[in-house]
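Chains as they are written, first to last, in the working numbering: chain A, 1 to 315; chain B, 316 to 606.
In case anyone wonders, no lab produced these hints; they're calculated from the structure.
Beta carbons: idealized from backbone N, C-alpha and C, even for Gly.
Mixed in with the good hints, there may be bad ones.
[Claimed, not checked] Some residues of chain B that are not near chain A, with every Cβ distance over 12 Å (derived):
(1) Phe-329
(2) Gly-403
(3) Val-440
[Unchecked claim] Taking lysine to aspartate or glutamate pairs in the EDC-like style, the calculated list, with each CA pair at most 20 Å apart, reads:
(4) A:Lys-127 to B:Glu-332
(5) B:Lys-592 to A:Asp-69
(6) B:Lys-336 to A:Glu-93
(7) B:Lys-336 to A:Glu-94
(8) A:Lys-139 to A:Asp-165
(9) A:Lys-107 to A:Glu-94
The chain contents come next:
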Amino acid sequence: MLLSTDSLTKYYNKFLALSNLSMSVDEGSIVGFVGPNGAGKTTAMRIMVTLMKASSGEVFIDGIPLSKDPRAVRGRFGYVPDFFGVYAAITSEEYLNFYADANSVPKEGREELIDGLLELVNLSDKKDADVNLLSRGMKQRLCLARSLLHDPKLLILDEPASGLDAQSRLELKYILQALKSRGKGILISSHILPELGEYCDKVVILKQGVKVAEGSLEEISRAIGRKAKISFTLIDPDQFEDAATLIKMSGRAGNVFKKEMNLETEFTGSEEDIAALIYTLVTGGIKISGVSHTKETLEEIFMEVIENEGPGKAE
Amino acid sequence: MKVPEKLNNAVLTFGMERRMKRISTLILLLVGIFVVGIGLISGIAESMVLGVFGGGSDAAIGYVLLSVALFFVVALFSALSAAGEISGEKSRQTLDLLICSQLTPRQIISGKLLSNFLYAMLITVIMFPLYAVLYLFGGFTPLGAAEFIAYMLVHVFCILSIAIFFSAKVKKTAAATVLTIVTYVGWAAANGILALIWLAVENYLSYTYSVNSFFTYPPILWLNQATGFVMLFAGQIGGWSSLFTGTLETFEALIPLILGIVIPVVVSILCIRGATKAVDPMKSKKTSGGI
Ligand SMILES: Nc1ncnc2c1ncn2[C@@H]1O[C@H](COP(=O)(O)OP(=O)(O)O)[C@@H](O)[C@H]1O
Ligand SMILES: [Mg+2]
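Isolated chain A, as found in the complex (with noise of 0.2 Å):
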């Protein structure tokens, strides 16, 4: 485990920002912090990047208590904060060279370490460009190749992607498929979070300073018990009647409507649990020309999520 808090709690004044967070990312995984604004989230990660402390609880990088050994931690984690400046009149390979000297990075071998981040991020061309001068989106790299220059393990990004236009989201996703790749582990927060559910191997969502959820988008699915929807196409009419007998006695299905040649139903279940359904239909001899199913995207997970569970629902 490359990163795991334990009960985390931060009060601003008598303000609850943030209640006994336990969370954990691990190597070459993506783990994606999700929650509305205000839920906590730049809280939380500012603590992990030693920016400020906890009232109580503790953060342990690489296994290293952060409360005990800060500048040990510093050394282990890349940090892209929410929001960031850059120094006037300076150059892209200029910013790098500061920062790898501000974390001791070796002299040998420096050009060539920043001529790697600048292509990881897509930003060859822009070198000896001034980073002023630089989009938006552009910064948002300059600033990930920033946080790669020690070459850590692990990466914090708060909310990278907003403000970005859609190219350069999708830009985002694939360099941090790359690095996923290299066996980073990342935890990156959004507020909207279309995007984040195809590539996070796992979500915490936070409500109000509290986690509502953490495990997978199938795991939090299922725990809510959210059903996905599952579509199939018969051939014949007359198999309708046992198809949806066959569905019904899964256990996993609500009720079956037919639409035209489709059976549609709300199905609680793995992937393996979709598999094992099918089969059941094609051995009883139903025939079948197509399946669809929707999983439900994060947005939607989220937003039931949100909705429905943490210190809101009492009301």
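Assemble the complex: chain A is given as a structure, and chain B with the ligands must be docked to it using the hints.
Quick look at chain B with the ligands alone, frame taken from chain A:
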């Protein structure tokens, strides 16, 4: 010049490099000051030749004028540039990135402080030829000028430390600048007012009860940095008597000089500590970070 390992940090070198980039502007400025200085000195020399003023005291006046001007230029410049160091990082939103780096809070503060101090020293050194010109006309010794510059640099260091402290404490550079100037100048001014009150009380006592003071001037002025400067000048330009009537006891000249070094050193240490603590999220009690 080899920078000691402990002080050799990215903030320091980055700060110096960025300043050196702007050095051309500085050189232009200094050439300007130099020309004005030459004009001033040749004016004095001319008046000497014409015998309008008596003897070597004109070079002495030039020396005092130059020294005061030098101090004000360097001090003001330092206050203005250092007060923006940390608050500027805050408003630019770059401070967090420094704190998360391998630089310790102490290195961040010392890097900022030393890059400013080295720059102040550089300005001072560049201005030094003006003293050489004054020296040609006599009236003071090079050692005297060196003493003044050493004393001045202690105070510049103190002003820088105060500026960095306020810069680390407040969000706005303007506020840090004002606080720095008010602290340094305000202390001298408040002290001066207290000295005036002291004098008034002394006068009253001597008038009413014929109690005469043991001191030539109110000893509260020992704590005033301006007194130290005055003593340095007085010692240089022809004895204490040129500034004070009556005889000044030696300790009355030495104490403000010694305190004029000890106090800024202590203030600097306190400010550096305070600033270091202010940029260390693991130490500061502040609940919020960022801006
Ligand atoms: N420095 C602060 N002082 C007081 N309250 C704060 C501070 N920072 C954040 N908060 C409050 O804490 C809550 C969580 O904020 P934040 O962590 O920024 O949420 P998110 O990043 O999920 O949008 C919000 O209600 C916010 O108003
Ligand atoms: Mg946030």
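Okay, the hints, checked on the actual structure:
| no. | hint | in the structure |
| --- | --- | --- |
| 1 | Phe-329 | violated, 5 Å |
| 2 | Gly-403 | violated, 9 Å |
| 3 | Val-440 | holds, 26 Å |
| 4 | A:Lys-127 to B:Glu-332 | holds, 19 Å |
| 5 | B:Lys-592 to A:Asp-69 | holds, 17 Å |
| 6 | B:Lys-336 to A:Glu-93 | holds, 16 Å |
| 7 | B:Lys-336 to A:Glu-94 | holds, 13 Å |
| 8 | A:Lys-139 to A:Asp-165 | holds, 13 Å |
| 9 | A:Lys-107 to A:Glu-94 | holds, 13 Å |
Of the numbered hints given earlier, the model fails hints 1 and 2; all others are met.
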